[in-house]
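J.: Listed below are the residues making up each chain.
Protein chains: 2
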Amino acid sequence: MADIFQNNKTLSSRDIHFIFEQTVLKFASSPLQTAIPPIILDIMSKRIEHTLLKMDATPSELTTLCNETILHGFRGVCCLPRYIAHCRSVLRGTEALVISVVDFPLGGATQRDVASLVRSAISDGADEVDMVLDVPSLKSGELNTVFERIALVTEAASARPVKVILETACLTEPEIVTACAIAGTAGAAFVKTSTGFASRGASIRDIEIMKAAVGDSMRIKASGGIKDAVFAKRLVDAGADVIGTSAGPACIA
Amino acid sequence: MADIFQNNKTLSSRDIHFIFEQTVLKFASSPLQTAIPPIILDIMSKRIEHTLLKMDATPSELTTLCNETILHGFRGVCCLPRYIAHCRSVLRGTEALVISVVDFPLGGATQRDVASLVRSAISDGADEVDMVLDVPSLKSGELNTVFERIALVTEAASARPVKVILETACLTEPEIVTACAIAGTAGAAFVKTSTGFASRGASIRDIEIMKAAVGDSMRIKASGGIKDAVFAKRLVDAGADVIGTSAGPACIA
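For the record, the sequence lines run as chains A and B.
Heads up: the first sequence begins at 1 in this note's numbering, then just goes up one per residue.
Heads up: the second sequence begins at 1 in this note's numbering, then just goes up one per residue.
Keep in mind the hints are simulated off the structure, nothing from the lab.
One or more of the hints may lead you astray.
[Unchecked claim] These stretches of chain A come out as covered by chain B in the derived footprint (C-beta under 8 angstroms, 3 or more residues):
| no. | region |
| --- | --- |
| 1 | 55-65 |
| 2 | 99-108 |
[As the list claims (entries may be wrong)] Computed far set for chain B versus chain A, every beta-carbon distance over 10 angstroms:
| no. | residue |
| --- | --- |
| 3 | Asp-3 |
| 4 | Phe-18 |
| 5 | Lys-26 |
| 6 | Lys-54 |
| 7 | Pro-59 |
| 8 | Thr-110 |
| 9 | Ser-120 |
| 10 | Gly-215 |
| 11 | Val-230 |
Ideal Cβ positions, reconstructed from N, Cα and C, are used throughout, including at glycine.
Construct the entire structure; sequences and hints are all you get.
T.: Next up, the structure:
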């Protein structure tokens, strides 16, 4: 089993459990509280996070996103930090969540600044925040730094659920499993596949690996390139709890 | 001339001057100090900002970027904020600049947070910062908000040169000219074409428009998709002062 980290092999369930447990053990001395939000399992619309993250999206396009979210009863909207207050205001009086990405899509801020950005997002009214995994530190084997960044964010989010975007397009299978284990022990509620800005978005295999790793201990969000109801359903069948998509209505059609 | 804003027509020099002057007049009551850094005009290598902005770039890849920059005598490196301190340290004792993007590539932070990110970048050792134009506000006709965001950044940069990334792929020709005028009056030293994350990077036409608009009052950085010396030279001939590229050595070959 010593070679499971050494190449891009397809992992077995046993490999996945082994890597996950070993990584959890490494960080078990500092387990953080993870609040796992409930998901309404039998209605696809309640799993949809209707998403608009284009750099040129205008406030009126965000208003449309919010109105479609209300109309279809989606879980919430996913927006850039600059639009949290606007979405909060349009969604007032509804159950829809305002979910904000932070330091997105590159995760290029310092640890100090990413924590500060999360505090801003929460103070502006975000119900959940989606952060980017520290991929360079994972690639460099600096797992403590990967842990620290997530722990800083979960602390800054003060009990609001945090999702960690793995950017699976950039990771090997062992790295996906390792990232899931670190995210969970650092207090994240979700692992999420993709930013939508990499070479590919969510795959069925991503979700299978993530589900085999985290079981019921975390939630899973599939995102990136999800454009229709058939693919959305396949991702849910593979283990995705939530679907992030800029094509919300098409995903429940 | 009333229809120059109304469609995607190709602007004449006269149209460009008209739009530029009208926009400058609108903001002339609050002109800010712009420090225009000198450019060594006769050596291509001194125009190159050697760039690495991939989300999975490791510290050792950034070290290589810095070493290539020293070897070839490039103007500087362009990196994510998390790597400013690292690049600063590798480039110590050389003339190469550390240039950091901020709130990149989507410009998704609030005004308050973007200013704070710039203060962090300067305090970590950035010599120049490349910010993203507030494209949604430009598209919505909220030119005061576009101005305000740039002015907040130039103030936060405390005399370090600021570049405004227009993301020309998302703009019409009149919008490019308007953005140049606002950037200059708000105290930016450079206008820059692209993030490298949009549908296209720099074009010759972009640089022609920007040069016709700003003349010698600002510097121009071409960026996005510049992979060889032939294209780099054409961009310089069209008016670009600086070339941002992840292929620095190939651009001086």
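J.: All hints are to be evaluated individually against the structure, with a verdict given for each.
T.: Do the hints match the structure? See the list:
Only when three residues or more bring their CB closer than 8 angstroms to a CB of chain B does the claim for the region 55-65 of chain A stand; here the count is 6, and the claim holds. For the region 99-108 of chain A, the proposed coverage by chain B is satisfied: 6 residues have a C-beta within less than 8 angstroms of a C-beta in that chain, meeting the threshold of three. The beta carbon of B/Asp-3 sits about 23 angstroms from the closest Cβ of chain A, which is more than 10 angstroms, so the claim that it is off the interface holds. For B/Phe-18, the requirement that its beta carbon stay farther than 10 angstroms from each beta carbon of chain A is met, with the minimum near 25 angstroms.
B/Lys-26, annotated as away from the interface, keeps every beta carbon of chain A farther than 10 angstroms; the closest lies near 21 angstroms. Not every Cβ of chain A is farther than 10 angstroms from the Cβ of B/Lys-54; the closest lies at roughly 8 angstroms, contradicting the non-interface assignment. A Cβ of chain A approaches the Cβ of B/Pro-59 within 10 angstroms, the least distance being about 7 angstroms, so the stated non-interface status is violated. With a closest Cβ-Cβ approach of about 5 angstroms to chain A, B/Thr-110 is found to fall inside the 10 angstroms limit, against its non-interface label.
The claim that B/Ser-120 lies off the interface is violated: its Cβ sits roughly 5 angstroms from the closest Cβ of chain A, which falls inside the 10 angstroms cut-off. Separation of B/Gly-215 from chain A is adequate, the least Cβ-Cβ distance of about 27 angstroms exceeding the 10 angstroms criterion. Every beta carbon of chain A lies more than 10 angstroms from that of B/Val-230, the smallest distance being close to 27 angstroms; the non-interface claim holds.
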